[in-house]
Amino acid sequence: MQIYLPIAEVSINAILLLGIGGLVGVLSGMFGVGGGFLITPLLFFVGIPPAVAVATSTNQIVASSFSALLAHLRRRTVDIRMGTVLLAGGLVGAALGIWLFAYLRELGQVDLLVRLSYVVFLGGIGALMFVESLRAILRTRAGRRPQRRKHNWIQALPLKIKFRTSGLYISVIPPALVGLAVGVLAAIMGVGGGFIMVPAMIYLLGMPTKVVVGTSLFQILFVTAFTTILHAMTNYSVDMLLAVLLIIGGVVGAQVGTRIGLLMKAEQLRILLAVIVLGVCGQLALELLIRPDELYSVGREAS
Amino acid sequence: MIRWLFLLLILTTSASAQEEVIAGMSSSRISISANFDGSEILIFGAVKREQSPPEGELGVIVTVEGPGQPLTVRRLERRALIWVNGEAVRIARAPSFYAINTSAPLAQLLNTQADARARITTRRVIGTIDAPMEVNDATAFSQALIRIRKDVNLYQTNINAVELREETLFNTTVTLPANLVEGIYISRIFLTRNGEIVATSSTAIDVEKIGLEKFLYNLAYDDPLIYALLSIALAIGAGWGASAAFRYLQS
Numbered sequence: 001m002q003i004y005l006p007i008a009e010v011s012i013n014a015i016l017l018l019g020i021g022g023l024v025g026v027l028s029g030m031f032g033v034g035g036g037f038l039i040t041p042l043l044f045f046v047g048i049p050p051a052v053a054v055a056t057s058t059n060q061i062v063a064s065s066f067s068a069l070l071a072h073l074r075r076r077t078v079d080i081r082m083g084t085v086l087l088a089g090g091l092v093g094a095a096l097g098i099w100l101f102a103y104l105r106e107l108g109q110v111d112l113l114v115r116l117s118y119v120v121f122l123g124g125i126g127a128l129m130f131v132e133s134l135r136a137i138l139r140t141r142a143g144r145r146p147q148r149r150k151h152n153w154i155q156a157l158p159l160k161i162k163f164r165t166s167g168l169y170i171s172v173i174p175p176a177l178v179g180l181a182v183g184v185l186a187a188i189m190g191v192g193g194g195f196i197m198v199p200a201m202i203y204l205l206g207m208p209t210k211v212v213v214g215t216s217l218f219q220i221l222f223v224t225a226f227t228t229i230l231h232a233m234t235n236y237s238v239d240m241l242l243a244v245l246l247i248i249g250g251v252v253g254a255q256v257g258t259r260i261g262l263l264m265k266a267e268q269l270r271i272l273l274a275v276i277v278l279g280v281c282g283q284l285a286l287e288l289l290i291r292p293d294e295l296y297s298v299g300r301e302a303s
Numbered sequence: 001m002i003r004w005l006f007l008l009l010i011l012t013t014s015a016s017a018q019e020e021v022i023a024g025m026s027s028s029r030i031s032i033s034a035n036f037d038g039s040e041i042l043i044f045g046a047v048k049r050e051q052s053p054p055e056g057e058l059g060v061i062v063t064v065e066g067p068g069q070p071l072t073v074r075r076l077e078r079r080a081l082i083w084v085n086g087e088a089v090r091i092a093r094a095p096s097f098y099a100i101n102t103s104a105p106l107a108q109l110l111n112t113q114a115d116a117r118a119r120i121t122t123r124r125v126i127g128t129i130d131a132p133m134e135v136n137d138a139t140a141f142s143q144a145l146i147r148i149r150k151d152v153n154l155y156q157t158n159i160n161a162v163e164l165r166e167e168t169l170f171n172t173t174v175t176l177p178a179n180l181v182e183g184i185y186i187s188r189i190f191l192t193r194n195g196e197i198v199a200t201s202s203t204a205i206d207v208e209k210i211g212l213e214k215f216l217y218n219l220a221y222d223d224p225l226i227y228a229l230l231s232i233a234l235a236i237g238a239g240w241g242a243s244a245a246f247r248y249l250q251s
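Same order as they appear, the protein sequences are chains A and B. If you use full-length UniProt numbering, the first sequence corresponds to residues 1 to 303, in order. If you use full-length UniProt numbering, the second sequence corresponds to residues 1 to 251, in order.
Don't read these hints as lab results, they were simulated from the structure. These numbers were taken from a predicted model, which means no experiment stands behind them. Hints are not guaranteed to be accurate.
As the list claims (entries may be wrong) - Away from chain B, derived, C-beta distances all over 12 Å, residues of chain A:
| # | residue |
| --- | --- |
| 1 | V62 |
| 2 | A176 |
| 3 | I196 |
As the list claims (entries may be wrong) - Simulated DEER-style distance windows between Cβ atoms:
| # | chain 1 | residue 1 | chain 2 | residue 2 | range |
| --- | --- | --- | --- | --- | --- |
| 4 | B | N111 | A | Y103 | 47 to 55 Å |
| 5 | A | V120 | B | I184 | 39 to 47 Å |
| 6 | B | Q250 | A | L134 | 33 to 41 Å |
| 7 | A | R135 | B | D151 | 46 to 54 Å |
| 8 | A | M264 | B | I184 | 51 to 59 Å |
| 9 | A | L177 | B | I184 | 47 to 55 Å |
| 10 | A | L104 | B | M133 | 20 to 28 Å |
| 11 | B | Y248 | A | Y169 | 36 to 44 Å |
| 12 | B | P105 | A | G124 | 55 to 63 Å |
| 13 | A | A71 | B | V152 | 40 to 48 Å |
| 14 | B | Q108 | A | N13 | 15 to 23 Å |
We treat Cβ as the ideally placed atom computed from N, Cα and C, and that holds for glycine.
Let the sequences and hints guide you as you build the complete structure.
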């Protein structure tokens, strides 16, 4: 069943798009990640123009993060104050990212920017996760407990506030900077940025694991909503029909994924996620390194 | 003697001018709806003439041209290990779709001058190329454009696709792919003899998005803020609905 997407201006099999949404939904349900980092490359792969893929996947993340955030709000595992600081940074970052995106789109380098960001971030995070989860498996076998490190330079920064839910008294500068970095990534990669934010919150800010996911979802919801608006207004690249198909697939997939996730061990899940992340990264890296069959590309100019 | 020759010349030219095309097509409007999967247009016609046909084989060329767009063609270059967009060439105007259907090989039907005047072959239809000084093989870029669009059936050359009967009736089918751009498409019909064009005719085809497609497209470009807010509202609604449905299923 072909469906014509009004903004992407291509006709694509609707079942395929539902399938992509569903697949990413399963993964996000299993691992508790947003899955934007998988949706965007998969959309490139089926022939959606990169600008539309990035903008539309931010819209899809609004839906999945809202649904997940509701669950965390009910369990009171959201640090709203920390979330607001992350969000303030995130909005500035998203605006910067959109500006960079539009500028590079004019230069014809937006594909490169998006692909390179994917390779660098997925490669880095994937490798870290892989090593970390291998160590965790070895530790549990050896029967030792992980210890949390403290960063003294973070304690030394000014503008300290009390984050009661997280039980922290730290400067607002590190969380605002983390939020800013994630905002830039949301705009140029079409991701929520949880894969950067969650480790940063645990290892850098020292937040308790319990509130990390809910708080990052709080930031992701507003940042991706803001990014969707900016993309729609500067690049006219949000395809609502495409978003609806991805959301429907994703919603169903997430429920299936949550069930599968309950059957597996946390370390196994993390190592599996690391392998998927590295696989996507490798695929994109190969495309940059190997001489492509067609050296030329045609770009339509915004009139 | 010269006078006789002159008279003969007048006779032949007026005779050829007396051939006319009368054309019709299966539809003059194509609607892009949500399940649009490409379309076919049947273009048919007859050659009207008062006298017996003049010398030379009659040829028919049918073209369909989509709305033109300014384009940039870029070429990847290897820079420090990775492939990066390097040199770029701007093309002032290239049709978003272009099909040529002919009744015989193009070289038999059309000489170069006639092609240049009437702009019939794909190469001629593509507008001026605006290449920066450092690009010394600008034609490679326009050739690449033709090659890329040929691969996705946006540019087509279909030799012998026009069926011509008794030098009078002709018909052909043009296949429009699914990835079509909105706008006015122009269909042209050329009758040729001895490499020269002897008669032409053209018709407009209106390709338009309809229904939901039209509504979303117009909203996205005319009121981007409202469109964005609607997209977000939809996403929030879906997220909330999913969460509520999941809770209902659990309880």
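Each hint tested on the structure:
no., hint, in the structure
1, V62, "violated (4 Å)"
2, A176, "holds (24 Å)"
3, I196, "holds (22 Å)"
4, B:N111 to A:Y103: 47 to 55 Å, "holds (48 Å)"
5, A:V120 to B:I184: 39 to 47 Å, "holds (45 Å)"
6, B:Q250 to A:L134: 33 to 41 Å, "holds (35 Å)"
7, A:R135 to B:D151: 46 to 54 Å, "holds (48 Å)"
8, A:M264 to B:I184: 51 to 59 Å, "holds (57 Å)"
9, A:L177 to B:I184: 47 to 55 Å, "holds (52 Å)"
10, A:L104 to B:M133: 20 to 28 Å, "holds (24 Å)"
11, B:Y248 to A:Y169: 36 to 44 Å, "holds (41 Å)"
12, B:P105 to A:G124: 55 to 63 Å, "holds (57 Å)"
13, A:A71 to B:V152: 40 to 48 Å, "holds (44 Å)"
14, B:Q108 to A:N13: 15 to 23 Å, "violated (41 Å)"
The structure shown violates the earlier hints numbered 1 and 14.
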